[in-house]
Amino acid sequence: MTWTALLPTITAAFLASLVEVVEAFTIVLAVGVTRGWRPALTGSGIALALLVLIVLSFGPLLALIPIRALQFVVGTLLILFGLRWLRKAILRSAGWIALHDEAAEFAKETNALKAQAAERRADFLAGTAAFKAVLLEGVEVVFIVIAVGTAHGQTFWAGMGALAAVLLVLLVGIAVHKPLVQVPENTLKFVVGLMLSSFGVFWTGEGLGAEWPGADLALIWIFALFAMFSLGAARYFAKPQMGVAR
Amino acid sequence: MTWLKLVWDELLGMFVDDGALALQAAVLIAIVAVCVKGLGLNPLLGGIVLLLGCVVVLGLSLGRKTRKG
Numbered sequence: 001m002t003w004t005a006l007l008p009t010i011t012a013a014f015l016a017s018l019v020e021v022v023e024a025f026t027i028v029l030a031v032g033v034t035r036g037w038r039p040a041l042t043g044s045g046i047a048l049a050l051l052v053l054i055v056l057s058f059g060p061l062l063a064l065i066p067i068r069a070l071q072f073v074v075g076t077l078l079i080l081f082g083l084r085w086l087r088k089a090i091l092r093s094a095g096w097i098a099l100h101d102e103a104a105e106f107a108k109e110t111n112a113l114k115a116q117a118a119e120r121r122a123d124f125l126a127g128t129a130a131f132k133a134v135l136l137e138g139v140e141v142v143f144i145v146i147a148v149g150t151a152h153g154q155t156f157w158a159g160m161g162a163l164a165a166v167l168l169v170l171l172v173g174i175a176v177h178k179p180l181v182q183v184p185e186n187t188l189k190f191v192v193g194l195m196l197s198s199f200g201v202f203w204t205g206e207g208l209g210a211e212w213p214g215a216d217l218a219l220i221w222i223f224a225l226f227a228m229f230s231l232g233a234a235r236y237f238a239k240p241q242m243g244v245a246r
Numbered sequence: 001m002t003w004l005k006l007v008w009d010e011l012l013g014m015f016v017d018d019g020a021l022a023l024q025a026a027v028l029i030a031i032v033a034v035c036v037k038g039l040g041l042n043p044l045l046g047g048i049v050l051l052l053g054c055v056v057v058l059g060l061s062l063g064r065k066t067r068k069g
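Protein chains in written order, with the numbering used here: chain L, 1 to 246; chain A, 1 to 69.
Treat the hints as calculated values from the structure; they're not laboratory data. A hint or two may mislead.
Unchecked claim - Reference listing, derived: stretches of chain L covered by chain A, where coverage requires no fewer than 3 residues with Cβ under 8 Å from a Cβ of chain A:
#1 76 to 86
#2 138 to 152
#3 216 to 228
#4 231 to 239
In this text, all values refer to a predicted model and were calculated from it rather than measured experimentally. All C-beta atoms, glycine included, are put in the ideal place defined by N, C-alpha and C.
Okay, chain L solo, but in the shape it has when bound (with noise of 0.2 Å):
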């Protein structure tokens, strides 16, 4: 297995859970700091268990797939993801979707937390916060590090890029003890998005027997079209300004 086959997929999967983890890390420190972290830990030890039973249920049944069909399905699931994502990241930097704010985010879970203070479950719902944040933003890691990974045999690589994802934010996070507005979130969506599309027509495309020019390589080429587009469609649509002639 060579670098240029390994590197986009752990680079995908790092920078998509990277953005995932970054995320789920704001609201289990709303809990945290808010109500104390044994509610904040519990919700979070239960989520990580959900899913690890998740891939370890659903996991092996991959290897049963086809890998033709396994790398159609993936890489249609992968367009849908991936394109969803980017919509999302052109339409922010366009300007016609609030940029996505941690600091905002931690804020408004800590009023809410402040809110169920004197409720008797208050540690209870606080807990189930945490719970949530982590498995919903799991499932996303997860379903990254199966779709980048398991096409083309690399889900352990893809696993390892998702780790160190997680293990950066718990570094960084505990030493910082506070939401990480410093991480360039729109932006990363904005790659990561343009990864995942490329992914996703990647697979499709060898799924249905496609032989692309340079194999592995033309997902540089599937990125560059992507971002060229991507790029030219922030400025296209970009939202007019007041006052602002177009």
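With chain L's structure known, arrange chain A on it following the hints.
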């Protein structure tokens, strides 16, 4: 069961945001698959059509959103 529904909703939400975009992309993939597997279209040409088609449906989706405001 509430959690199962939550996970299901999240799974669906992962792929469908603009319903028309998801539908058009799915139809595009289906048409290309039928042309390649059923009508003998060159698979590489099918892949290129798929790539360009994805760009087009994405552009259409962006146009719809920005027109609606």
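Consistency of the hints with the structure:
no.	hint	result
1	76 to 86	holds (count 8)
2	138 to 152	holds (count 3)
3	216 to 228	holds (count 3)
4	231 to 239	holds (count 3)
In summary, the structure agrees with every hint in the numbered list given earlier.
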